[in-house]
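Model the full assembly from the supplied sequences, consistent with the hints where possible.
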Amino acid sequence: MKTYRSAQWTVVLIIVIYTAVSYTTTRFRGSELFPFFNWSLFTKVPNEKHDFGLRLLTVDGEPLSEPIYFEEADAWFDEAHSIVAYQAIQQFGSAVREADETTIEEIRPFVESTYLENQTVRYELVRRTYLPISRVQTGAFVNEEVLGQFEVGGAP
Amino acid sequence: MMPLRSLRRLLRGVDLPDPFSRLTAAHQAAALIVRLYYAFIIFLFSDDYMRKVEEWVLLDASDLLLLWPVGWVTWVGVDTAVYAISLLLIGGAVLSLLWPEKRPFRLAAFVGLFLIMAIENSFGKINHSMHAWLAVGFCFIFLPTGKPVNRVQRVTYLTTFWYAQALMLWFYSMSGIWKVNQGFAQLFAGEISAFHPYAMAQQIANRLLQDNSTSILGPFIVENPLIGWPVYLSALYLEFFSFVAAFRPALHRFWGLSLALFHLGTFLTMSIQFNQNILLLGLILMASPFHPASWRWQDTIRDLPILGWVYGKLWALSQAL
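One line per chain: the protein sequences are A and B, in this order.
Numbering follows my numbering, with no gaps: position 32 of the first sequence is 32.
Whatever position you read off the second sequence (first residue = 1), add 1000 for my numbering.
Note that these hints are calculated values from the structure, not bench results.
Check the hints yourself; a few may be wrong.
Stated by the list, open to error - Straight line, CA to CA, 27 Å or less: simulated DSSO-like cross-link-like pairs of lysine-lysine:
1) A:Lys-44 - B:Lys-1052
2) B:Lys-1052 - B:Lys-1125
3) A:Lys-49 - B:Lys-1125
Encoded structure:
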């Protein structure tokens, strides 16, 4: 019976600790602490949405006829449709917007080597504002704010 | 244990026999599921991780944004670490498959899975498709050592197994609680909330825009938002009350199947795959050892949170008329 009770309490404790840690780390640390996760997925229904995007100006040193966002550039980049790449770009954008140099030094080379594949690219980091259904239907943004222009791979 | 017993009594359904009355059969079913869990770990490694391992061993530690459990990888190199972790995972899973009653083997499988997930998530984003597998594996560490020989040991085994079910369902409830909480906040702020007819269309549109992807049904829902409304409300209900379902054996199969269909729906509309969770739902809920032996579909309806109460009232009313 002692084993039964200790097994019960151990697992109850795990559930309580898991919930407490996942909640507090996200709330006070701003990000999850693996493997704890608060399971807040698609919690907020996006109304007017803000995010960050890489708007490509030149690829392989060649200017594009019209700048396009990274997620549309599957002709050049294998990971263009990757949600992981999108999340990394959001981290990059947040760091630049908050002038967090430490994070920028870490995340920018990662994004450029992993997702821009160290190609010769000139790009803008853009904070975008849009209404989701409207953007799907028309492609229109409410606002596009350029946070900075960057080069990777020795673009001319 | 009094508070736990009170909670169990508060949340459980009505008029169902105690699941432990079929103790021996339930224990045998649970033991088989535990064994299958480790067989599926091997399958998932072979199906998914093995290909990733081939790519990871070519990387340098500087190519990764290493999570805390694998910070030590910089000292030994990615290739050595990944091979060692893979060996631990496969070794632990194979030994647990053969001797699931041995706790050290289950512990090794858990640590291997934990570390390989840490490597997998060291690329800038944490993916949650295997978190439930890890949580269930963690609960299984606490299963009694050795073959249960008496009633108390079998009850201990089943109780620990039930906690794995409850923890997985708690994850869904956490997700539902956030959505309902935020839904009210947005509702009172005058925004499109989780309860709004356009909620699902808004979510789908935003998700597909993030990586410029498409889905089979997503564009249709975006163009016809009202069709998504009842589906979205059903998903909210399902997630919110998942933890309650853990306490009601007649709901285990229904809830497992419904959550699996929910994941299928998120793939069809938002192009999000949670295949690993579907497999786990099938294993520990649809095949639940606590499913009542003499099940009738009315038992499931009656046990549905709130809706079951409404059904009961309507049934009583129809009988009175």
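Hints the structure fails to honour: Number 1 - this is the single hint that the structure violates.
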